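Given the coordinates of chain V, assemble chain Z onto it according to the supplied hints.
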Amino acid sequence: DQQVKQNSPSLSVQEGRISILNCDYTNSMFDYFLWYKKYPAEGPTFLISISSIKDKNEDGRFTVFLNKSAKHLSLHIVPSQPGDSAVYFCAASWGASYDKVIFGPGTSLSVIP
Amino acid sequence: DAGVTQSPTHLIKTRGQQVTLRCSPKSGHDTVSWYQQALGQGPQFIFQYYEEEERQRGNFPDRFSGHQFPNYSSELNVNALLLGDSALYLCASSKRTSLDWEKLFFGSGTQLSVL
Chain V
648 DQQVKQNSPS LSVQEGRISI LNCDYTNSMF DYFLWYKKYP AEGPTFLISI
698 SSIKDKNEDG RFTVFLNKSA KHLSLHIVPS QPGDSAVYFC AASWGASYDK
748 VIFGPGTSLS VIP
Chain Z
34 DAGVTQSPTH LIKTRGQQVT LRCSPKSGHD TVSWYQQALG QGPQFIFQYY
84 EEEERQRGNF PDRFSGHQFP NYSSELNVNA LLLGDSALYL CASSKRTSLD
134 WEKLFFGSGT QLSVL
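Sequence order for the protein chains is V and Z.
Under the numbering used here, think of the first position of the first sequence as 648, with each following residue one higher.
Under the numbering used here, think of the first position of the second sequence as 34, with each following residue one higher.
Incorrect hints may appear among the rest.
[Claimed, not checked] One side of the interface only, derived from the structure: several residues of chain V facing chain Z at Cβ under 7 Å:
| # | residue |
| --- | --- |
| 1 | Glu689 |
| 2 | Pro691 |
| 3 | Phe693 |
| 4 | Phe736 |
| 5 | Ser740 |
| 6 | Lys747 |
| 7 | Val748 |
| 8 | Phe750 |
| 9 | Gly751 |
| 10 | Pro752 |
| 11 | Gly753 |
Source of the hints: derived by calculation from the structure; they are not laboratory data.
Keep in mind that this is a model prediction, so the values were computed, not measured.
By construction, the Cβ of each residue, glycine as well, lies at the ideal position given by its N, Cα and C atoms.
Just chain V, same shape as in the assembly (with noise of 0.2 Å):
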C-alpha cells in the first residue's frame, strides 16, 4: 500500500517557466512533509519542508504547498533551471512519534534550455 504517490513519473518544462510537482498522501497521520531531490550516482538531498500546521512554505526558488483536507501537497520551482532537472522525491512522516520517513516513487524533472 504506497502512503505515498506522486502520479506523474517525469515532467519537461521550458526554462524560466514554473514548474509544478504534485504529491498524494494516504496516511492522515502525516504531520511533516518533505521534498528531495536526487541526481544520477547521487542520494536525495533535503530540498524543503513543511509542518502540517501551515499550508505554505517558501525558500528562494521553492514553495511547498499543502491542503490537509485534499491529502495534497505540491512543489513549485520559479523560475525553472537547467541545474534543476533531477529526480524530486515527496516523503512524508509523523514526526511525533520518531516514526520512519515515507517517499515516493519521484517525477523526474527535466528543465529544458
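This is chain Z only, laid out in the frame that chain V set:
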C-alpha cells in the same frame, strides 16, 4: 565536515550469498536509517537504528538485519540473496533530538547486483 559515507560503492554477488554494507553517519548525527531503491522506484524504508537498537522497521523479511555501533556507524546485512535484492541501498543519518530530525542526510549508496 564529512557527510554520510557508504562502502562499498558497488557490489556483485550471486544468489544465496550474504552481503554486508557499511555506513558512517554525518558528524553529530546519532540515527541511521537504511533504504532500498529499486530501479525507477522511490527509496523504500528498511529499518532505523538509534542507540544501537532497531527502532523502526519497514516491510522487509528477516533476511535483512542490521547493527549500529557505539560510534553511530551502521551495517546492513542481507542473507540468502535473491535476484530481487538487486538495488541501490541508501543510508541516511539524522539527529533524533533535533527539531528537524526528518531532514535526512543521505550517502551516495551501494549498488548491489545479484546474479
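Which of the listed hints are broken here?
none
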